[in-house]
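Asker: First to last, the sequence lines map onto chains A and B. For the first sequence, our numbering gives the first residue as 1, with consecutive numbering after it. For the second sequence, our numbering gives the first residue as 1001, with consecutive numbering after it.
Just so you know, these hints were derived from the structure itself, not from any lab. Check each hint, because a few of them may be wrong.
Claimed, not checked - Among the chain B residues that face chain A by a calculated CB cut under 7 Å, a handful are: (1) GLY1003; (2) GLN1018; (3) PHE1045; (4) GLU1048; (5) LEU1088; (6) PHE1104; (7) PRO1106.
We put the CB at the ideal spot given by N, CA and C, even for glycine.
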Amino acid sequence: KNEVEQSPQNLTAQEGEFITINCSYSVGISALHWLQQHPGGGIVSLFMLSSGKKKHGRLIATINIQEKHSSLHITASHPRDSAVYICAVRSRGGADGLTFGKGTHLIIQP
Amino acid sequence: KAGVTQTPRYLIKTRGQQVTLSCSPISGHRSVSWYQQTPGQGLQFLFEYFSETQRNKGNFPGRFSGRQFSNSRSEMNVSTLELGDSALYLCASRRTSGSGEQYFGPGTRLTVT
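The shape of chain A in the complex, shown without the other chains (with noise of 0.2 Å):
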């Protein structure tokens, strides 16, 4: 079973910073994703991965195959990215459908 770990947990931030948030996994996967829940429940999806870096907009994820690692960072923040950023990732074989992470509750003050 993997195991998904994220960090950091919590994370405030000043509108404009340059925010990371990390995700390491303890199983090989096929694929990784990142999701943004704001609150209310509705969940968005962010990036697919399963090797190298995608870039959308301000956003950028990255993923290491071989130190199982990714990490979401989103350039000159803003209050509209205040969300829960989730990470989850789907074992080879994938018989487990999707493993999530804890979440990133993060905060962009103004």
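With chain A held as given, fit chain B onto it using these hints.
Answerer: Chain B only, in chain A's frame:
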């Protein structure tokens, strides 16, 4: 294209009752996965259906079951409800089973009293 829809959005049930939740995937998506989210355990995988067949199952008791219809709509059922079943139940759809980006519905908030 319409997103994933879930009904009902909110539900209050009593211990011992049963409940059925519904999920309509994005048109063309044939895989539907169900997840439970609680403050204590976070998000946990319940099961995945593809082409009316259960493909994967998480570590939940047999009281949790599901099914998928020929139009890809899915239902999950929880029998003999317990207080600990109070949670946000989310479904997500994608085109195929095994891989690919998932699109989440808004969830059903179940409260068991």
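Asker: What hint numbers does the structure not satisfy?
Answerer: 1, 2
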